[in-house]
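> Residue numbers (my numbering), protein chains in the order written: chain A, -10 to 294; chain B, 222 to 371.
Please note that the accuracy of each hint is not assured.
As the list claims (entries may be wrong) - Over 12 Å on every C-beta distance to chain A, these chain B residues come out as not near it, computed from the model: (1) A243; (2) E250; (3) D274; (4) R288; (5) A303; (6) D329; (7) H362; (8) E365.
Unchecked claim - Straight-line distance between alpha carbons at most 16 Å, and here's what the computed EDC-like set of lysine to aspartate or glutamate pairs gives: (9) B:K339 / A:D182; (10) B:K339 / A:E164; (11) B:K241 / A:E108; (12) B:K241 / A:E164; (13) A:K99 / A:E164; (14) B:K339 / A:D196.
Honestly, the hints are just simulated from the structure, not real lab data.
Quick caveat: nothing in here was measured; it's all calculated off a predicted structure.
The beta-carbon is built from N, C-alpha and C at its ideal position, and this holds for glycine as well.
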Amino acid sequence: MRDVSKCLFVDLNTESAETLSLGGEENGFPRSGWGFLPPLFLCLLEKGRPFVSVSAGKVTGTGAPGSAGMTWCGASGGVFAAAAAEGRFGAYLRHSGFEHLCVTGKAAKKAALLIRDGEVSVVPLRKRREEDFLRELRSFTADGERVIVTEADGALSEDGDFPLGDAFFAGLFREKNLSAVVVSGHGGIPVADPERFLRLCAEFRGDCPAGETTARPARYLSPGGERNLGAGRLLSFADSREELEKTALSLLGLAWENYDFIDDKLRKALALYNAVTGANCRETELTESARKAARQGRELLGKGR
Amino acid sequence: MIERSKCGGCGVCQALCSLKRAGEVRPGESAIRVERYAGADGLNVVYCQHCADPVCVTACLKGVVDRGADGAVTRREEGCFACGACEVMCPFGAPVYDSVRDVYVTCDLCGGDPLCVKVCPTGALAYLEEAEISRRFREGHARERFGGNR
């Protein structure tokens, strides 16, 4: 299976950006999400370059139940961490033409990273009050067409309201003088077999309880009625069945680990992945892929110590 | 119809509608769109209301928009030259430009079995007869005004 995804690599020191095409064949194992990136992370770690990255999976933003998953990875001061999160950011990253964003370096002054349909710019921010600051960011793109991730008070949030990452990743943003990332995009997310995919979505939606929402905009493409967007959950990369399942879901871009009402998660996740990519991967292959990613994750955790 | 109090703006209707229409997920060109404004605080769901006296029918310069006997507003792609008159005239801003086919599109109710209704996780979207929509609207209004269950 040939699978390629685009990574936007931004160096804030030089305010330059380049696009890396990542991919390759690997005995038919599904490669998706951050599974492409460990060699890049390892290289950055060995060079002692702090970085923060976010990756969408092949199912992210497709509209499947819970397809709002993305994975944050980052390293600084000898510590590596990875966390699965959910929100609109991953989907918009894909609409703007990328599946991964990796940021290194440090901006000279407080700045925002602006990604619009594949075009990247680093914009210095002038406002000091949070309200003015958000207004300034909103002025960059039209309403309803972008997601803004901001760092404030030691946490990352999406559109000013929803938790997106924990203190570690917020710290990485602060360390880089990166106050926000604004992503706006109009590109399509390809689905190889739309008919099969829509049938699966309707079928899986039947598993999910309907419920009223309490905040808006609430969950993005997520099942279940009672929750809002979830903040990042750290990945331990342990070799247990439960942790491997979490790793596999994070690779595909599905934020399902807290949805106990979805049974047989790996089989269903794989069915969605196959419909999206047109592949014909088996569950053992997905598990093997997750096992390999977990092994690489553990190696990164070890290097980080 | 949509029960706005139930809609959380998750956007699944939008994503899957565009997938069904265009073969890829392109939410900005969906026939039903969750429009966010004022940052995260506000949202509006835009879709064709299938008006009793649709202004898009009279606005269309090519006569490709029509209202059928069943009340559904339909449009033929052949002949549409994407002038945008329907979009400009529609009070709801429902018509949307399809960049792949170079035409304007609106909700066609999926031939009477709308996908958005099937996938909405909160049950905010419902496909009902006009009389039932009217009844629910009146009941809701009465509840809001006088309180109680009826």
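> Which hints, by number, does the structure contradict?
1, 2, 9, 10, 11 and 12
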